[in-house]
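In the working numbering, the protein residues as written are 47 to 548.
Simulated from the structure, these hints should not be mistaken for laboratory data. Don't take every hint at face value.
Said to hold, decoys possible - Label-pair ranges, simulated between beta-carbon atoms:
hint: 1; residue 1: L430; residue 2: Q66; range: 19 to 25 angstroms
hint: 2; residue 1: N77; residue 2: N112; range: 29 to 35 angstroms
hint: 3; residue 1: T224; residue 2: P116; range: 28 to 34 angstroms
hint: 4; residue 1: S122; residue 2: T472; range: 22 to 28 angstroms
hint: 5; residue 1: E63; residue 2: E95; range: 44 to 50 angstroms
hint: 6; residue 1: D418; residue 2: S446; range: 26 to 32 angstroms
hint: 7; residue 1: S122; residue 2: V80; range: 25 to 31 angstroms
What the hints assert, rightly or not - Using 25 angstroms as the maximum straight-line C-alpha spacing, the simulated DMTMM-like pairs for lysine to aspartate or glutamate come out as follows:
hint: 8; residue 1: K136; residue 2: E260
hint: 9; residue 1: K432; residue 2: E361
hint: 10; residue 1: K432; residue 2: E475
hint: 11; residue 1: K404; residue 2: E58
hint: 12; residue 1: K443; residue 2: D523
hint: 13; residue 1: K70; residue 2: E95
hint: 14; residue 1: K126; residue 2: E95
Quick caveat: nothing in here was measured; it's all calculated off a predicted structure. We treat Cβ as the ideally placed atom computed from N, Cα and C, and that holds for glycine.
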Amino acid sequence: MAEKCAINPTREEDYAEWYQQVIKAADMAENSPVRGCMVIKPWGWAIWEFIRDQLDSRIKATGHQNAYFPLFVPLSFLQKEASHVEGFAKECAVVTHVRLEVKDKKLVPAAELEEPLVIRPTSEAVIGEAFSRWISSWRDLPLLINQWANVVRWEMRPRIFIRTSEFLWQEGHTAHATEEEAWKEAKLMLEEYRKLTEEMLAIPVILGSKSPGERFPGAVDTMTFECMTQDRKAIQCGTSHYLGQNFAKAFSIRFNTPQGGTEYAYTTSWGVTTRLIGAMIMAHSDDNGLCLPPKVAPYHVVIIPVLTKEERREEVLAAARKLEKALQQEVFDGKPVRVHVDDKEGRAGEKNWAWIKKGVPIRIEIGAREVDASTCVASLRDSLEKTVIPLGGIASKTPSLLADLQERMFQKALQFRNQHIHTDITTFEQMKAFFTPECEEKPEIHGGFVRAKWCGDTATEDLLKELKVTIRCLPFDQSGTEGKCVITGRPATLDAIFAKSY
Numbered sequence: 047m048a049e050k051c052a053i054n055p056t057r058e059e060d061y062a063e064w065y066q067q068v069i070k071a072a073d074m075a076e077n078s079p080v081r082g083c084m085v086i087k088p089w090g091w092a093i094w095e096f097i098r099d100q101l102d103s104r105i106k107a108t109g110h111q112n113a114y115f116p117l118f119v120p121l122s123f124l125q126k127e128a129s130h131v132e133g134f135a136k137e138c139a140v141v142t143h144v145r146l147e148v149k150d151k152k153l154v155p156a157a158e159l160e161e162p163l164v165i166r167p168t169s170e171a172v173i174g175e176a177f178s179r180w181i182s183s184w185r186d187l188p189l190l191i192n193q194w195a196n197v198v199r200w201e202m203r204p205r206i207f208i209r210t211s212e213f214l215w216q217e218g219h220t221a222h223a224t225e226e227e228a229w230k231e232a233k234l235m236l237e238e239y240r241k242l243t244e245e246m247l248a249i250p251v252i253l254g255s256k257s258p259g260e261r262f263p264g265a266v267d268t269m270t271f272e273c274m275t276q277d278r279k280a281i282q283c284g285t286s287h288y289l290g291q292n293f294a295k296a297f298s299i300r301f302n303t304p305q306g307g308t309e310y311a312y313t314t315s316w317g318v319t320t321r322l323i324g325a326m327i328m329a330h331s332d333d334n335g336l337c338l339p340p341k342v343a344p345y346h347v348v349i350i351p352v353l354t355k356e357e358r359r360e361e362v363l364a365a366a367r368k369l370e371k372a373l374q375q376e377v378f379d380g381k382p383v384r385v386h387v388d389d390k391e392g393r394a395g396e397k398n399w400a401w402i403k404k405g406v407p408i409r410i411e412i413g414a415r416e417v418d419a420s421t422c423v424a425s426l427r428d429s430l431e432k433t434v435i436p437l438g439g440i441a442s443k444t445p446s447l448l449a450d451l452q453e454r455m456f457q458k459a460l461q462f463r464n465q466h467i468h469t470d471i472t473t474f475e476q477m478k479a480f481f482t483p484e485c486e487e488k489p490e491i492h493g494g495f496v497r498a499k500w501c502g503d504t505a506t507e508d509l510l511k512e513l514k515v516t517i518r519c520l521p522f523d524q525s526g527t528e529g530k531c532v533i534t535g536r537p538a539t540l541d542a543i544f545a546k547s548y
């Protein structure tokens, strides 16, 4: 049976446009009237809620408390940490006026603010100022705070979920008495992110530290987790920063020690965004639309009554409702199976394809013929195959079907990623040939990750710009072997991951 493709163009024909069409076909989100911003529709929002709620429980379980801080940051606050403001200056949206008035029948800003207000690109500055007031003694530490919020980074090349001018995220901010405690905190949260991404979104990731050129402005070290998309590019899924005492000194976050002295606190910050949804789409979806890992699917199962015989309509609907109740008694991922009966008007075939495009893990069709035979027709999202299953047995099978699908999606993505990590590129000429092939018919799907030696010279990172390649991370699983830098040919021991990215 030839595979039917619901998304046009396909991944191979135009990956960037395919991505947009998957989102549209699944009715997840759309561009807003404000350039670079998005409207997240109910299906997309439900997915974000599952990610948010799961991560929120993990954050609270590690001892953090949620709080909320202002959307507006005084410009003077940002200026206190020089490298921080320099790193974000080009991305800031700034409020300079207050009130509107009518002039020549048009609304115009009325009064200029005494001090401009920056719409938060991140909250280190405003939270640092609060921490300086909240912390006075070693007894106040550690201070473990998280907030769920929106931020604005004025994006020149927007892409729904991946890069938008306004996006949703959580940002954790903590202060500690010692360097060791702060490092432990930053690594702890990176590990929580890894577990969330791999166990819930079924996306394999690589953990590592950012190179100096890719480091968060003002951080001592930025740790990241990177995934590979199906067009073999990288997505930075999230970061955890060890900030040392840089922000503590900028904002006077000091505490009295048990010995009677005064010390600056050691701080961290860490966050993930709605970009995780984009990474999930790019890692799993196919030419028929969205593919949802069961753990984040708004519905695990959709039951589609086949109502071709009007005189059997109520009988078929009753069988569908009975199966719905049976499924709701089953448990997957610690919660009742989420099931929906699609009883709205319309042809069963059209409804079936609509749910395929929305990525529902399991679809079940029941018609008069199935009622008579006490069977149903089940389909899993990763295959167009239909299987006839006894009606009395499908409910008990569902949790294992969902668990198997979740694992298959992870293993498929892991195998794809590992197949496209290249370790045989050792010179810059080979790097150029790999990332800019001269006779490549479809350069947009060429490439992958290159794992090679790097000498650590930050000046070499500029040489990668002509290839539109960056060092994604210095992976934690360093080989420790000696070799030659792939850029300069100088002696090197560091392993680095090089890739094009979103």
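Here is how each hint holds up against the structure:
1. L430 to Q66: 19 to 25 angstroms: About 23 angstroms separates the Cβ atoms of L430 and Q66, which means 19 to 25 angstroms holds.
2. N77 to N112: 29 to 35 angstroms: holds, 30 angstroms
3. T224 to P116: 28 to 34 angstroms: holds, 30 angstroms
4. S122 to T472: 22 to 28 angstroms: violated, 49 angstroms
5. E63 to E95: 44 to 50 angstroms: violated, 28 angstroms
6. D418 to S446: 26 to 32 angstroms: Distance hint for D418, S446 holds at roughly 27 angstroms.
7. S122 to V80: 25 to 31 angstroms: holds, 27 angstroms
8. K136 to E260: holds, 16 angstroms
9. K432 to E361: With Cα atoms ~23 angstroms apart, K432 and E361 stay inside 25 angstroms; holds.
10. K432 to E475: violated, 50 angstroms
11. K404 to E58: Given pair K404, E58 holds - Cα atoms ~20 angstroms apart, limit 25 angstroms.
12. K443 to D523: Given pair K443, D523 is violated - Cα atoms ~39 angstroms apart, limit 25 angstroms.
13. K70 to E95: Roughly 19 angstroms between the alpha carbons, so the hint for K70 and E95 holds.
14. K126 to E95: Given that 25 angstroms is the threshold and the Cα spacing comes to 35 angstroms, the pair is violated.
When the structure is compared with the earlier hints, violations turn up for hints 4, 5, 10, 12 and 14 and for no others.
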